[in-house]
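Note that the protein sequences, when read in sequence, are chains P and E. For what it's worth, the UniProt record's numbering labels the leading residue of the first sequence as 1, then goes sequentially. For what it's worth, the UniProt record's numbering labels the leading residue of the second sequence as 1, then goes sequentially.
The hints are simulated quantities; they were obtained by calculation from the structure and are not laboratory data. One thing to keep in mind: the hints can contain errors.
Because identical chains cannot be distinguished in the list, a pair is counted as satisfied if it fits within a single copy or across any two copies.
[Claimed, not checked] Straight-line Cα separation of at most 20 Å, PhoX-like style, residue types lysine-lysine; simulated pairs: (1) Lys479 / Lys500; (2) Lys196 / Lys142; (3) Lys372 / Lys500; (4) Lys417 / Lys467.
All figures in this text were calculated on a predicted structure; none of them were measured in a lab.
Read off the chains here:
Number of protein chains: 2
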Amino acid sequence: MDYIIGIDVGTTSTKALLYDLDGKIYAKANKGYTLYQDTPDMAEEDPDEIFNATSQAIQEVITKANRQDGKVVAVSWSAQQHSLIALDKNFKPLTRTMTWADNRAEKYAAQYKENGRGLEMYKRTGLPIHPMGPFYKLLWFKNEKPDIFKQAAYWVGIKEYIIWKYTGQLKEEVSMAAATGLLNMKTVKWDEEALKETGVKENQLPELVDTTYKIKGIQAEYAKVMGLDKDVYFVMGATDGALSTIGVGAIETGVLAINIGTSAAVRSFFDKPVIDPKARLYCYPVMKGKYLVGGPINNGGIVFSWAHDALFGGEQEAAKLLNIDSFDMLSKIAATVPAGSDGLIFHPYLGGERAPLWDANARGSFFGLNRKHTRAHMIRAVLEGLVYNLYSVTLALREVTGKPKAILAAGGFAKSKLWTQIMADVYESELTIPESYESGSLAAMFLAKMSLGLEDNLNDIKKYIGKSNTFEPNPKVYKKYRALIPIYLRLSRQFSSEYKSIADYQREFANDDDQD
Amino acid sequence: MDYIIGIDVGTTSTKALLYDLDGKIYAKANKGYTLYQDTPDMAEEDPDEIFNATSQAIQEVITKANRQDGKVVAVSWSAQQHSLIALDKNFKPLTRTMTWADNRAEKYAAQYKENGRGLEMYKRTGLPIHPMGPFYKLLWFKNEKPDIFKQAAYWVGIKEYIIWKYTGQLKEEVSMAAATGLLNMKTVKWDEEALKETGVKENQLPELVDTTYKIKGIQAEYAKVMGLDKDVYFVMGATDGALSTIGVGAIETGVLAINIGTSAAVRSFFDKPVIDPKARLYCYPVMKGKYLVGGPINNGGIVFSWAHDALFGGEQEAAKLLNIDSFDMLSKIAATVPAGSDGLIFHPYLGGERAPLWDANARGSFFGLNRKHTRAHMIRAVLEGLVYNLYSVTLALREVTGKPKAILAAGGFAKSKLWTQIMADVYESELTIPESYESGSLAAMFLAKMSLGLEDNLNDIKKYIGKSNTFEPNPKVYKKYRALIPIYLRLSRQFSSEYKSIADYQREFANDDDQD
Ligand SMILES: Nc1ncnc2c1ncn2[C@@H]1O[C@H](COP(=O)(O)OP(=O)(O)OP(=O)(O)O)[C@@H](O)[C@H]1O
Ligand SMILES: Nc1ncnc2c1ncn2[C@@H]1O[C@H](COP(=O)(O)OP(=O)(O)O)[C@@H](O)[C@H]1O
Chain P
1 MDYIIGIDVG TTSTKALLYD LDGKIYAKAN KGYTLYQDTP DMAEEDPDEI
51 FNATSQAIQE VITKANRQDG KVVAVSWSAQ QHSLIALDKN FKPLTRTMTW
101 ADNRAEKYAA QYKENGRGLE MYKRTGLPIH PMGPFYKLLW FKNEKPDIFK
151 QAAYWVGIKE YIIWKYTGQL KEEVSMAAAT GLLNMKTVKW DEEALKETGV
201 KENQLPELVD TTYKIKGIQA EYAKVMGLDK DVYFVMGATD GALSTIGVGA
251 IETGVLAINI GTSAAVRSFF DKPVIDPKAR LYCYPVMKGK YLVGGPINNG
301 GIVFSWAHDA LFGGEQEAAK LLNIDSFDML SKIAATVPAG SDGLIFHPYL
351 GGERAPLWDA NARGSFFGLN RKHTRAHMIR AVLEGLVYNL YSVTLALREV
401 TGKPKAILAA GGFAKSKLWT QIMADVYESE LTIPESYESG SLAAMFLAKM
451 SLGLEDNLND IKKYIGKSNT FEPNPKVYKK YRALIPIYLR LSRQFSSEYK
501 SIADYQREFA NDDDQD
Chain E
1 MDYIIGIDVG TTSTKALLYD LDGKIYAKAN KGYTLYQDTP DMAEEDPDEI
51 FNATSQAIQE VITKANRQDG KVVAVSWSAQ QHSLIALDKN FKPLTRTMTW
101 ADNRAEKYAA QYKENGRGLE MYKRTGLPIH PMGPFYKLLW FKNEKPDIFK
151 QAAYWVGIKE YIIWKYTGQL KEEVSMAAAT GLLNMKTVKW DEEALKETGV
201 KENQLPELVD TTYKIKGIQA EYAKVMGLDK DVYFVMGATD GALSTIGVGA
251 IETGVLAINI GTSAAVRSFF DKPVIDPKAR LYCYPVMKGK YLVGGPINNG
301 GIVFSWAHDA LFGGEQEAAK LLNIDSFDML SKIAATVPAG SDGLIFHPYL
351 GGERAPLWDA NARGSFFGLN RKHTRAHMIR AVLEGLVYNL YSVTLALREV
401 TGKPKAILAA GGFAKSKLWT QIMADVYESE LTIPESYESG SLAAMFLAKM
451 SLGLEDNLND IKKYIGKSNT FEPNPKVYKK YRALIPIYLR LSRQFSSEYK
501 SIADYQREFA NDDDQD
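Could you put the whole structure together from the sequences, leaning on the hints where they help?
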């Protein structure tokens with residue numbers, strides 16, 4: 001029997017899953033790595049630490065599964081977007097990898113927003129005007145780290161670097177290239193203007209290939225350690241955003257995929273490029289006739305985790321003693337409060353926000369407090385506020401693409417029946433949630449099958465997705481959300497005028513000790 | 001030796017204190033009563049229940065003190081403002097007493113605000129345009145309860161009713177009369193226009209007298225029960241607002257008195273009527289050449305109590321087990337967070353607000369949340385937000401009266417060193433806090449001494465006030481408040497446009513159960 005490994009190189013860890021060709025999972029492994037954050041805007045990782053974690057994860061699934069009845073024929077890749085590493089002419093890293101969460105290029109994004117050039121570039125490349133984008137990071141390097149910029153022979157992302165290390169080939173597939181902001185979304189080639197502005201030459205970038213492109217063979221030293229055949233195929237795969245959308249089955253134009261994991265996202269495939277005149281949404285080509293349009297959202301489940309720690313620190317001990325999951329406990333506490341949290345509204349922008357605000361200064365708030373409100377209201381308001389925010393991104397999406405045909409959702413949030421029901425009620429729509437939520441690595445596996453000629457229609461991934469649950473909106477409840485959402489949206493607009501002042505305060509007085 | 005009893009008929013209980021003529025306290029008693037709140041806007045009390053509680057409190061201090069060496073020569077009165085009772089021609093109550101917290105006359109206040117008539121009346125009487133005022137309550141009775149309105153032979157407040165019951169004399173002193181909105185503050189007579197608009201005739205109101213006016217003798221039946229001499233004097237006294245200002249020693253023009261008890265207030269005496277063009281402040285004549293100007297604030301210590309219960313429910317048990325006061329515990333937790341709560345701002349309007357917003361729809365909020373914020377930040381932000389709000393009322397006061405000469409503060413909040421220090425830092429001013437905080441009954445006692453000819457200068461109350469503590473602003477800290485206060489004030493303005501919508505939601509969906 002043959003096997004395929006699907007890998008997902010995430011922001012905090014690499015996951016590897018071993019599948020057989022029917023999509024059955026035999027083993028999973030997960031290896032974490034350090035996020036370096038010496039200053040609040042910095043978010044770097046060590047490319048070789050990630051490479052090692054990935055090797056360990058692959059080795060672990062092979063060992064765990066212990067299948068002597070066949071071999072791993074392909075390793076296929078999903079990975080975080082927007083990462084950037086400078087390599088010297090021997091492909092040795094000159095820098096750590098700057099992750100999507102690194103905001104040091106903020107000044108350049110602000111300039112480009114200000115002078116209108118950002119909007120023009122967005123219309124060419126589909127990258128929103130934000131420091132996450134390698135386009136803006138390159139401007140930062142050019143201006144603030146001219147030595148490194150001069151020394152750099154190549155500019156790559158983490159997936160390209162890892163695949164290069166295993167195979168000796170430097171390639172970049174379309175979806176990841178699009179997320180750099182250096183790819184012209186119409187020609188699907190490196191964009192001349194983007195190269196001119198950043199001062200990067202085409203020969204400093206990997207060769208562009210398709211998502212199903214495969215590289216045969218792996219450096220012998222690694223093959224041995226990991227227990228892989230030296231002729232294994234490396235299938236390029238795609239971004240985690242594209243693959244987790246495919247992996248829940250949101251493949252046809254107009255089917256919406258919503259994800260709430262640590263962060264969150266609202267995404268949909270379209271058959272042609274889609275441009276938001278307000279640049280709130282990205283648009284990245286992924287495959288022929290498949291453009292991924294969506295909004296990346298920082299404040300996802302991490303905000304529920306914050307509320308869990310900040311508001312219910314004491315009760316977690318109780319949950320531990322009772323041997324119940326403390327997120328489940330909070331979800332039950334939230335369920336004691338009526339929908340709409342008796343008119344308490346939470347804006348979840350604890351760490352600035354990308355879509356829909358694109359404002360690094362955004363902050364969170366509870367609004368509407370009266371004397372009957374308790375922590376239980378606050379926790380429900382947090383769950384609701386996170387969904388209102390996704391809904392507001394969806395409204396932006398609807399402006400450019402029309403009403404979604406169907407909604408598929410996934411991510412850690414789906415462990416809570418309450419939270420998924422809130423989503424169905426806020427969206428006033430049926431919601432389908434696959435029980436398995438390893439959608440990224442599943443789609444990577446499926447691309448490998450396409451690459452190997454074992455599948456030829458992306459839609460056929462659906463047979464591997466497995467059982468789904470459906471949630472229906474409750475008419476008694478959604479009229480409440482209809483009343484609250486306009487207030488939520490108007491407040492968002494009102495608050496925005498004070499985000500800068502409060503964020504400036506928080507930066508200025510960080511670590512102040514009040515002593516004379 | 002002779003004794004004087006100072007009584008304070010509060011919103012939740014009556015306090016009685018037995019003093020000797022040197023101001024020494026021999027006994028205290030406190031008797032509570034029910035607040036009837038069948039609907040959210042209603043806040044009534046039973047006048048006879050209050051009368052009985054008062055009798056019990058008087059009896060209790062006399063019994064407790066057990067002084068056989070002399071007699072009680074006077075009972076002097078402080079009481080809640082704005083209460084209203086309809087009496088029939090035999091002085092029997094036709095209604096309960098509507099307290100200041102009763103908002104059923106909201107519609108009439110709104111009309112008067114709308115058509116400009118409220119501002120004109122405010123300029124005549126000094127009563128802000130708010131349903132708390134008996135002027136607006138009378139409009140409500142006239143229109144919504146015409147039967148009672150027709151039957152009513154007299155309209156009185158709770159102090160007038162109680163004194164009538166003990167003495168058979170129906171009098172009303174100037175400060176309490178002013179708080180009805182029926183007194184012309186320039187002539188210090190019942191205002192013709194106010195009477196005309198409400199349709200109440202002068203002979204339906206008590207006779208106006210001075211605050212030091214005394215009535216000799218008490219109905220024999222009560223004298224006996226309570227252990228009072230039948231020739232005891234009843235000294236009219238004044239409103240709790242006026243007396244607690246006098247009782248902390250804020251007597252000269254321009255000395256500011258701040259109180260945070262359950263509710264809160266910012267007040268100052270002036271030597272002539274003071275009119276705020278925006279009607280944010282009341283102005284009530286109290287004595288010759290003494291006009292009390294100020295802003296009544298609903299959201300005082302009650303908001304700290306809310307945060308205590310809503311955010312730290314679990315920890316109160318721990319405090320109990322440790323035998324420490326749970327408010328002290330919270331104050332210590334708040335003190336672990338730097339001044340400015342790392343940029344978290346709380347607006348304390350949990351139950352609507354009078355000064356400075358005069359908006360019953362106002363609600364509370366936390367603004368500026370980031371991932372480092374915890375419950376400890378929230379509790380400090382609550383204490384700070386309450387002070388910012390008092391400060392914003394003080395700004396209104398300063399607009400019409402100039403910078404305060406000195407600041408005196410009192411109320412339950414003063415038990416917390418942290419909270420008082422926050423006030424000194426926000427106000428950037430030295431703060432003086434008398435250790436005793438029975439200021440209302442102390443001032444009532446002092447008025448009795450004036451009435452009996454034993455004192456003749458209000459300023460001499462200072463010798464009875466006792467020890468005070470002084471707090472100095474910390475220069476390292478107040479620059480933070482200087483940065484935050486403008487944000488707080490701008491947000492107040494921004495939020496105001498959404499208070500009605502969220503309050504409407506909360507009313508519409510109160511008690512909704514979300515079931516199909
Ligand atoms: N240890 C403490 N530290 C800080 N604040 C406290 C403490 N104990 C009580 N308080 C606050 O004091 C408030 C009560 O104040 P106080 O005793 O002056 O009330 P009151 O007389 O009922 O008020 P009012 O003057 O409005 O009628 C409580 O609501 C609480 O917020
Ligand atoms: N039992 C639960 N109920 C609701 N939400 C949960 C539960 N457990 C975890 N979560 C949420 O899921 C988030 C993690 O989602 P997941 O998809 O596993 O993360 P990642 O994006 O890192 O892969 C957490 O931040 C938390 O908010």
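How would you classify Lys417 and Lys467 at a CA-CA limit of 20 Å: within, between, both, or neither? Only inside one copy: Lys417 and Lys467 sit 16 Å apart there, 60 Å across copies, limit 20 Å.
Quick one: Lys372 to Lys500, C-alpha cut-off 20 Å, is that within a copy, between copies, both, or neither? between (31 Å within a copy, 18 Å between copies)
Evaluate Lys479 and Lys500 at a C-alpha cut-off of 20 Å and name the case that applies: within, between, both or neither. Between copies only: 18 Å across, 34 Å inside.
My question is about Lys196 and Lys142: at a cut-off of 20 Å on alpha-carbon distance, are they close within one copy, between copies, both, or neither? Within one copy only: 12 Å inside a chain, 80 Å across chains, cut-off 20 Å.
No hint from the list above goes unmet by this structure.
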